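Spelled out, the chains give:
There are 2 protein chains.
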Amino acid sequence: MLKPLFTTLLISALSLLSTSAMADEQKTYRWRLAETWPKDFPVFGDTVKSMAQRVKEMSDGRLIITIDSKNKHKAPLGIFDMVRAGQYQMGHSASYYWKGKDLNTMFFTTRPFGMTATEQYAWFYYGGGMELMQQVYQPYGLLSFPGGNTGNQMGGWFRKEIKSIDDLKGLKMRIPGFAGEVISKLGASPVNIPAGELYTALERNTIDALEWVGPSLDLRMGFQKVAPFYYTGWHEPATELQFLINEKAFNSLPEDLQQILMVAMRASAYDMYAQSMHENALNLEKIATQYPDIQIRTFPASIMLELQRANDQLIEQFKQQDPLTRKIIESQERYQGIARPWTQISDQVYLEIGQ
Amino acid sequence: MLKPLFTTLLISALSLLSTSAMADEQKTYRWRLAETWPKDFPVFGDTVKSMAQRVKEMSDGRLIITIDSKNKHKAPLGIFDMVRAGQYQMGHSASYYWKGKDLNTMFFTTRPFGMTATEQYAWFYYGGGMELMQQVYQPYGLLSFPGGNTGNQMGGWFRKEIKSIDDLKGLKMRIPGFAGEVISKLGASPVNIPAGELYTALERNTIDALEWVGPSLDLRMGFQKVAPFYYTGWHEPATELQFLINEKAFNSLPEDLQQILMVAMRASAYDMYAQSMHENALNLEKIATQYPDIQIRTFPASIMLELQRANDQLIEQFKQQDPLTRKIIESQERYQGIARPWTQISDQVYLEIGQ
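Chains A and B, in that order, give the protein sequences. So the first sequence is residues 188 to 542, counted in my numbering. So the second sequence is residues 188 to 542, counted in my numbering.
Honestly, the hints are just simulated from the structure, not real lab data. Keep in mind that the hints are not guaranteed to be accurate.
Stated by the list, open to error - Counterexamples of contact, computed for chain B against chain A with all Cβ distances above 12 Å:
#, residue
1, W224
2, R241
3, P377
4, E466
5, E472
6, K514
Unchecked claim - Per label pair, the in silico range of CB-to-CB distance:
#, chain 1, residue 1, chain 2, residue 2, range
7, A, E517, B, A488, 44 to 50 Å
8, A, G248, B, P225, 24 to 30 Å
9, B, E472, A, R496, 49 to 55 Å
10, A, Q325, B, K347, 22 to 28 Å
11, A, R527, B, D480, 30 to 36 Å
12, B, E472, A, S371, 33 to 39 Å
13, A, G357, B, L511, 40 to 46 Å
14, A, A272, B, E517, 51 to 57 Å
15, A, P479, B, K347, 46 to 52 Å
16, A, I380, B, P487, 48 to 54 Å
Said to hold, decoys possible - On the chain A side, residues computed to face chain B include the following (Cβ under 7 Å):
#, residue
17, V413
18, F416
19, G420
20, V536
From a predicted model like this one, the values you see are computed outputs, not experimental measurements. Heads up, the beta-carbon is just placed ideally off N, CA and C, and yes, glycines get one too.
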């Protein structure tokens with residue numbers, strides 16, 4: 188009698204043990220992600236959805252990420268704080284939105300006259316950029332990763348043509364952040380207006396110009412109906428969005444799920460750059476066929492030169508503020524200094540063939 | 188007595204069942220990958236290693252991919268056949284190497300005067316390129332995926348300066364494939380020489396010129412010591428390598444491992460484009476500092492025009508060969524036709540600022 192009973196108990200115990208081990212391995216982690224964007228926002232929102240879908244499929248359902256959009260959490264510029272507090276394990280936003288909290292966050296999105304998207308990805312992943320970004324975010328208990336690139340952003344929609352620096356004097360333009368400071372040095376008045384009011388502001392002459400993203404996202408806003416001059420870009424050559432992760436939440440994941448999350452973010456971020464190219468191409472064609480009166484222009488060289496000078500002055504001021512700021516800027520300047528000559532003799536020369 | 192015995196048996200049976208279910212889920216798949224490249228080949232080889240490492244980590248060791256390099260399998264151009272036969276589950280190579288087996292494979296790497304890397308990624312993933320590539324590979328029981336981009340390749344190393352079309356007449360140049368056919372229409376003699384003999388052939392005037400990749404991989408070959416003119420590119424604007432997978436092997440994987448494999452390949456392929464930018468930048472700087480006598484040149488416009496004409500003629504001939512060939516070429520032409528205007532008003536105009 189003793190033996191079978193003992194066996195029964197042993198098997199029961201082993202069985203329980205095995206069930207429990209399986210349960211641990213099969214544990215489902217449920218994460219919440221807050222994004223800055225409205226629900227179903229094209230391109231940006233697609234990037235978040237594809238990342239979450241890939242994580243779900245690769246983890247066989249062991250890591251499920253639910254996405255809350257702006258309409259749900261009501262705090263599009265509160266992502267940093269909400270992820271820091273652990274209210275959300277994860278966010279999708281843009282690093283330069285946090286410059287009021289920490290100036291050094293501003294340099295991990297893009298900057299006027301900075302690197303192209305490919306140069307910048309090379310800097311992030313092979314040129315020391317990731318390490319500097321983590322140095323900036325580490326004190327906040329946050330991890331930051333590239334979150335998708337828009338490519339070169341257009342300089343904006345203008346109601347009147349800009350022929351000389353005089354045309355910029357007093358010009359009221361929606362152009363936030365660093366670029367707004369640069370253009371204000373040339374006499375323009377940068378203003379900030381919520382996205383939902385931009386079209387009306389431009390239509391009613393409350394503002395004379397605005398910049399948004401590029402053909403990929405601009406046409407749905409309707410700007411082409413009220414501002415006939417569409418200027419090429421100088422101020423955001425490679426806007427990289429951001430995945431933010433609460434470090435404690437990340438550390439609580441098993442190693443395989445950490446890797447799954449990191450590779451999914453990386454692939455989906457790169458994908459956004461290709462998708463932006465696609466959407467820009469389709470929508471630029473739409474401008475040509477459906478809005479043939481739109482004039483695509485580039486600022487005259489004299490204006491570009493002044494913008495560059497103003498930008499250089501601001502950059503010099505930033506360098507004085509903090510040794511880490513200087514370190515980041517110098518790393519980017521050094522990198523752009525070696526990457527740009529290659530871009531010039533490869534893609535640039537190639538694009539000039541036959542023109 | 189009956190009850191405990193029954194319970195014992197039941198528990199044993201359940202326990203066995205559970206062990207077997209666990210074993211299935213924990214089953215380790217061991218795959219072999221054959222790459223065209225030598226062992227520890229920079230950039231290309233790094234891409235394969237990073238893919239295999241990511242798969243291992245994300246699958247928690249459930250899918251292990253062992254890499255065999257050229258020195259092991261001795262068949263650098265046998266990847267297609269070996270993966271097709273199931274001798275290897277997977278390969279890393281370049282699609283245009285298989286043009287002798289199927290002309291249509293040639294169009295999924297790059298082609299003279301074709302798309303840039305970003306345009307081409309957009310075409311693959313958002314413009315129908317992947318679907319066309321699978322249509323070409325499906326009859327062979329193979330799956331093909333982008334395997335990493337070199338970026339714009341240099342036009343090659345020349346012992347003498349090329350000033351006019353006359354300088355191309357009779358020029359012996361190592362330039363394989365499609366580009367070789369194009370340049371032969373201008374009177375040059377394309378020759379094929381194994382990689383290991385290239386330096387000696389150039390040094391001893393057996394050939395007058397050669398193209399390889401770009402600064403990222405050229406300097407280790409030593410060409411800069413014997414050919415002072417380094418020409419910019421026209422023939423391979425965005426060389427994409429290839430991951431090849433045996434379809435039956437792929438289908439035998441559980442769905443989560445299939446996803447892990449696909450996302451790892453995708454991230455590592457994109458990474459290679461960024462790594463190529465990095466290595467090109469570093470090595471171009473090395474040319475400037477260590478080999479200042481190297482002259483970087485672009486073919487005169489008259490030569491470019493003739494190369495384009497010859498290319499157009501060849502493309503027209505290809506279109507006549509097979510309805511699928513025509514479909515692929517027309518898809519690429521249409522895509523480049525809408526993507527290029529965007530590239531021009533974004534990155535190209537931006538790169539021209541301040542020059």
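Right, here's what the structure says about each hint:
1. W224: At about 20 Å from chain A, W224/B clears the 12 Å cut-off, so the statement holds.
2. R241: The assertion about R241/B is violated, with a minimum of 5 Å to chain A.
3. P377: holds, 20 Å
4. E466: Given that some Cβ of chain A is not farther than 12 Å from that of E466/B, nearest at about 8 Å, it is violated.
5. E472: At about 5 Å from chain A, E472/B fails to clear the 12 Å cut-off, so the statement is violated.
6. K514: holds, 19 Å
7. E517/A - A488/B: 44 to 50 Å: Once the Cβ atoms are compared, 39 Å apart, the range 44 to 50 Å for A488/B and E517/A is violated.
8. G248/A - P225/B: 24 to 30 Å: violated, 41 Å
9. E472/B - R496/A: 49 to 55 Å: violated, 27 Å
10. Q325/A - K347/B: 22 to 28 Å: violated, 55 Å
11. R527/A - D480/B: 30 to 36 Å: Violated, at about 22 Å.
12. E472/B - S371/A: 33 to 39 Å: holds, 36 Å
13. G357/A - L511/B: 40 to 46 Å: violated, 60 Å
14. A272/A - E517/B: 51 to 57 Å: holds, 54 Å
15. P479/A - K347/B: 46 to 52 Å: holds, 49 Å
16. I380/A - P487/B: 48 to 54 Å: Holds - the Cβ-Cβ distance for I380/A and P487/B, about 51 Å, lies within 48 to 54 Å.
17. V413: violated, 21 Å
18. F416: violated, 13 Å
19. G420: holds, 6 Å
20. V536: holds, 5 Å
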